[in-house]
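Trainee: Using the sequences plus the hints, can you model the full thing?
Chain residues, written in single-letter form:
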Amino acid sequence: MKTAIAFWNILLKDMRNYYLKPPNISWGIIFPFAWMLMFFLKSQTPVDVRTVLPGVMAMSILFGTTSMLAVTITFERRSRSFDRLLLSPISLTWLMLAKTLGAILFGIVNAFVPMLIAIFFTSVSNINWAILILSVFFIAITSTFLGLFIAVSVSEVFEAQTFSNFFRFPMVFLCGLFFPISQLPVFLRPLSYIVPLTYGADLLKTAINQNGHITLGISLLVLLFFSMILFLISKRNIQHRWIY
Amino acid sequence: MHETILEVKNLSKKFDDFIAVDQINFSVIKNEIFGFLGPNGAGKTTAINVLTGLARPTSGTIFINGADYTANIKKAQEMIGIVPDESNLYDEMDGFENLCFCASLYGIKKTEREQRARSLLQQFNLVEAGKKPYKSYSKGMKRKLTIAAGIIHQPSVLFLDEPTTGIDVASARQIRLLIKNLNETGTTIFMTTHYIEEAERLCHRIAFIVKGQIIKTGKIDELMEDAQKEKIIQFSFGGKVQLNQFQQDFCLQFSPCDLSQIQESVFQVRSETTLDLMPFMSFFDSRGIKVMEAKIIKPSLEEVFVKITGIERDLMKKEKEGKK
Chain A
0 MKTAIAFWNI
10 LLKDMRNYYL
20 KPPNISWGII
30 FPFAWMLMFF
40 LKSQTPVDVR
50 TVLPGVMAMS
60 ILFGTTSMLA
70 VTITFERRSR
80 SFDRLLLSPI
90 SLTWLMLAKT
100 LGAILFGIVN
110 AFVPMLIAIF
120 FTSVSNINWA
130 ILILSVFFIA
140 ITSTFLGLFI
150 AVSVSEVFEA
160 QTFSNFFRFP
170 MVFLCGLFFP
180 ISQLPVFLRP
190 LSYIVPLTYG
200 ADLLKTAINQ
210 NGHITLGISL
220 LVLLFFSMIL
230 FLISKRNIQH
240 RWIY
Chain B
0 MHETILEVKN
10 LSKKFDDFIA
20 VDQINFSVIK
30 NEIFGFLGPN
40 GAGKTTAINV
50 LTGLARPTSG
60 TIFINGADYT
70 ANIKKAQEMI
80 GIVPDESNLY
90 DEMDGFENLC
100 FCASLYGIKK
110 TEREQRARSL
120 LQQFNLVEAG
130 KKPYKSYSKG
140 MKRKLTIAAG
150 IIHQPSVLFL
160 DEPTTGIDVA
170 SARQIRLLIK
180 NLNETGTTIF
190 MTTHYIEEAE
200 RLCHRIAFIV
210 KGQIIKTGKI
220 DELMEDAQKE
230 KIIQFSFGGK
240 VQLNQFQQDF
250 CLQFSPCDLS
260 QIQESVFQVR
270 SETTLDLMPF
280 MSFFDSRGIK
290 VMEAKIIKPS
300 LEEVFVKITG
310 IERDLMKKEK
320 EGKK
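Protein chains in written order, with numbering that gives the first Met the number 0: chain A, 0 to 243; chain B, 0 to 323.
Possibly wrong hints are sitting among the right ones.
As the list claims (entries may be wrong) - For each label pair, taking beta carbons as the anchor points, the in silico distance ranges come out as:
id	chain 1	residue 1	chain 2	residue 2	range
1	A	SER152	B	ILE261	54 to 64 Å
2	A	LEU231	B	GLN22	28 to 38 Å
3	B	LYS131	A	TRP241	24 to 34 Å
4	B	THR57	A	TRP128	54 to 64 Å
5	A	ASN127	B	GLU91	33 to 43 Å
6	A	PRO22	B	GLY40	35 to 45 Å
7	A	SER181	B	ALA70	49 to 59 Å
8	B	PRO132	A	TRP241	19 to 29 Å
9	B	LYS131	A	MET227	38 to 48 Å
10	B	GLU183	A	TRP241	27 to 37 Å
11	A	ARG49	B	VAL126	50 to 60 Å
12	A	PHE178	B	ASN39	51 to 61 Å
13	B	ASP220	A	MET0	46 to 56 Å
14	B	LEU176	A	LEU231	40 to 50 Å
Said to hold, decoys possible - Derived BS3-like pairs: lysine-lysine, alpha-carbon spacing no greater than 27 Å straight-line:
id	chain 1	residue 1	chain 2	residue 2
15	A	LYS234	B	LYS13
16	B	LYS109	A	LYS1
17	A	LYS20	B	LYS130
18	A	LYS1	B	LYS108
19	B	LYS131	A	LYS20
20	B	LYS73	A	LYS1
21	B	LYS134	A	LYS20
22	B	LYS210	B	LYS306
23	B	LYS8	B	LYS73
24	B	LYS74	A	LYS234
By construction, these hints were calculated from the structure, which means they are not laboratory data. Just so you know, these numbers come straight off a predicted model, no measurement behind them. Even glycine gets a Cβ: it sits at the ideal position worked out from N, Cα and C.
Mentor: Structure follows, in C-alpha cells:
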C-alpha cells in the first residue's frame, strides 16, 4: 500500500510538473503534425495518409518519450531532487517504473495524435485496433526505457539530447520507415534487425496496412526483450553510478 | 539508561585509493543532537551519504534502532529523515505540495499528509509561503522547508548536512532555533557542520572528524576539560609594548608560565597551575607598563578543536568565509 501511494504520487508529480505543461502538450501535438506535413510536402505524388501513418506514429512515440525522459531525469539529477527519491523507502525498481510510466503514457498519447489527424483525411476502416494499441504500448515502453538508459548514462541535459540523437536518427533510417529494409545496402540490413524500432514499425504496418513482414509474436517478444535489457542496464547504472 | 538510535562500527568508505571515511565508530542516543565537526573534505557528507543509503559502505556496520541495516539501508529509510547540504525540493511546486509529495514517498495517506504539511508550515512560520512556488523562496526559506520535508514522516533520527551553510546570518539563526526546538520536542538529530560555534551551541555531543577519521568524541564539557586544565589570563596594556622588553625577567620570575603576544598591546599568560593576578600586576607596574584590562580567558571549543585536531584557526576561518 505504501509503495502504491509513493508510486502514484511520483507519477502524478511528473505528469503535473513535466508532461502536462503547456509547452509539452503543444509539442506533443505539433511534432506529429509536422512529421505528417513533411511527408506530404516531400512527395511529388499524392500521398496515401495510411502509408505514412505507421512511420509518423512510431517517430512520435520515439521522439516524445526519449526527449522527455532524458531531460526530466537528467534535470532532476542535476538539481539533486532525484536524490530525494533515491533516499525514500520505495524500491529502485518501483521508483524507476513510476518515473517511466509518465513518459510511456506521454508516448501513447503522442502516437494517437497523428491517428486523430489521419481520421480527417482518410478512412480508418480495416485497421486492426487490437494490434495497433498493443504495438503503440510496446513501442512506448521500449522507447521510454531507451530514454531511461540515455538519462542514466549522462550527467548534463545537453548530453542527454546529443546522446538521444545518436540512437534516434540511425534507428529512424534503419527501421524501414523511410526506405524498405530490402532496399537498404546489404551490409546495413543486419543492423536493421538489431534496432527495436524495426519491430515496432513493422507491428504498426501490420495493424494499419496489413503489410508487415515480421511475425507478430516475434516483434512483441523482441520489443519485450529490448525493454527488459534497457531497464536492467539502467537499473544497474543507477545502482553503480548514483548510489556510489 | 540511554537508548541508542544509531550505532556505527568501524565504518569505512573508499574511492579507489582514497579513504573518505576511515574506520569510524560512534553512536547517537535518543533525543540528543550529535554533531560531526570538521573542515571541508573531512568526510562528513560522505559519512551521511553512507548512513542514509546514497553511498555504499566499503566496510563496517550500521545499526538503526538496534537492527543491522548495513547490507540494506533501503529498509531503514522509513526511519530516517534527510536534509542535504543543498535544498533539493521541486521548484514548480509550492511549499504545501512539496511537503505533501515528500510525505507520499513514505506511503502516508492523503488526509494525514495534508494535515502534517499544514502543521509543519505553521510550526516553521511558512504558512503564507506554503502557497507560493518553491523557486520563489529565499535560501533561508528553502532550507526551512527542506527541514520540514525531512521530518514530515516523523523519523527516528534526522540527518542534517551543513544546515546553515550558504544562508544569511538571520536565517541561520532562525534555523538553529528551529533545530533546537525540534530536538526539544523529541527529534533525535545527527548533524554535520564546519561552524564551531554552531556545534557548540546546538550539539550535546560532538565528534571531531578530520581526514575521514574521528579524532575525539564527547560532550562539550568533556572535550573542554583538557583545554580547561590550562589557565589563561589576558592583559591589555595602555600602549604598544615590546615583548623582549621584559620576557626574560618574566620567565625567571613566573616559571613555568608561558607568555605570548596576541596583539600589539595584548598578551596572554598560560599555566597549568592556578594563576594569581596580583604578582603579575605588580610585575608590570614595576616596569611602568600600565595594565588597562586583565581577564581570565576560558578556552573555547575552537581552541579545543585546534588543540586536538592540529588544524589551524586560520584554515577553519578561511573555510567559513569560503563557504559563506
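Trainee: Quick check: does the Cβ-Cβ distance between PRO22 (chain A) and GLY40 (chain B) fall within 35 to 45 Å?
Mentor: 41 Å, holds
Trainee: Could you see if the CB distance from ARG49 (chain A) to VAL126 (chain B) stays within 50 to 60 Å?
Mentor: Since the Cβ atoms of ARG49 (chain A) and VAL126 (chain B) sit about 58 Å apart, the hinted range of 50 to 60 Å holds.
Trainee: Does the Cβ distance between LEU176 (chain B) and LEU231 (chain A) fall inside 40 to 50 Å?
Mentor: 48 Å, holds
Trainee: Could you tell me whether the CB distance from LEU231 (chain A) to GLN22 (chain B) stays inside 28 to 38 Å?
Mentor: 35 Å, holds
Trainee: Within a Cα-Cα threshold of 27 Å, do LYS73 (chain B) and LYS1 (chain A) meet the stated pairing?
Mentor: Judged against 27 Å, a Cα distance of about 14 Å means the pair holds.
Trainee: For GLU183 (chain B) and TRP241 (chain A), compare the CB-CB distance with the range 27 to 37 Å and indicate the outcome.
Mentor: 36 Å, holds
Trainee: Given the hint of 54 to 64 Å, is the C-beta distance from SER152 (chain A) to ILE261 (chain B) inside that range or not?
Mentor: Hint holds: Cβ distance 57 Å, inside 54 to 64 Å.
Trainee: Should the hint that SER181 (chain A) and ALA70 (chain B) are 49 to 59 Å apart at their CB atoms be regarded as holding?
Mentor: 54 Å, holds
Trainee: Taking 54 to 64 Å as the hint, is the beta-carbon distance of THR57 (chain B) and TRP128 (chain A) inside that range?
Mentor: Holds, at about 55 Å.
Trainee: Checking one constraint from the list: CA of LYS109 (chain B) to CA of LYS1 (chain A), max 27 Å. Satisfied?
Mentor: Distance ~12 Å between LYS109 (chain B) and LYS1 (chain A) Cα, so the pair holds.
Trainee: Given the hint that LYS234 (chain A) pairs with LYS13 (chain B), test it: the Cα-Cα distance must not exceed 27 Å.
Mentor: Measuring from Cα to Cα gives roughly 23 Å; hence the hint holds.
Trainee: When you check the alpha-carbon spacing of LYS20 (chain A) and LYS130 (chain B), does it fall within 27 Å?
Mentor: Holds, at roughly 19 Å.
Of the numbered hints listed earlier, not one is contradicted by the structure.
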